[in-house]
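Asker: Be aware that the sequence shown starts at 1, since it is given in the numbering used here, and climbs by one per residue.
Hints should not be assumed to be uniformly reliable.
Ranges between beta-carbon positions, derived for each pair [to be verified]: (1) Gly16 x Arg55: 13 to 21 Å; (2) Tyr88 x Glu41: 13 to 21 Å; (3) Asn34 x Asp91: 18 to 26 Å; (4) Trp86 x Glu52: 26 to 34 Å; (5) Asp66 x Pro35: 25 to 33 Å; (6) Gly27 x Thr71: 34 to 42 Å; (7) Pro40 x Ser78: 31 to 39 Å; (8) Gly80 x Arg55: 28 to 36 Å; (9) Lys24 x Asp44: 35 to 43 Å.
If you're looking for bench data, these hints aren't it; they were derived computationally from the structure. Every residue, glycine too, gets a C-beta built ideally from N, C-alpha and C.
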Amino acid sequence: MAVSFGSIVLNVSDIGRAAEFWSKTLGYVPQPDNPAFLVPESGDGPRLHLDEDDRTHLDLWWDRQDSDLQTEVERLISLGARRVDWDYPEDADFVVLADTEGNVFCVIA
């Protein structure tokens, strides 16, 4: 498999308040270098990314050893995903897609 589950991105209005709630709810701890990322205390499992700008979505991490990003995007499209019209930054390391139900997700290099 060329992608893996990386993080769940939750849209929140107050990162501090959300971090306190989700840390207590899930038993997660803030990532030392970025408190907007909560990680399982054991280190095993997906991260929870609290974001005040982006809407709720999944981040999938692309495995560079299995394929190139474009090949992986085309594989996902062949499974039913579709490209989403997105305003990408110049140095974007991700592609935004939607699943068969219209749920947006990112494939990140």
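Asker: All hints, please: hold or fail.
Answerer: We went through each hint and held it up to the structure:
no., hint, verdict
1, Gly16 x Arg55: 13 to 21 Å, "20 Å, holds"
2, Tyr88 x Glu41: 13 to 21 Å, "35 Å, violated"
3, Asn34 x Asp91: 18 to 26 Å, "19 Å, holds"
4, Trp86 x Glu52: 26 to 34 Å, "18 Å, violated"
5, Asp66 x Pro35: 25 to 33 Å, "32 Å, holds"
6, Gly27 x Thr71: 34 to 42 Å, "37 Å, holds"
7, Pro40 x Ser78: 31 to 39 Å, "33 Å, holds"
8, Gly80 x Arg55: 28 to 36 Å, "21 Å, violated"
9, Lys24 x Asp44: 35 to 43 Å, "19 Å, violated"
Checked against the numbered hints given earlier, this structure breaks hints 2, 4, 8 and 9; the rest are met.
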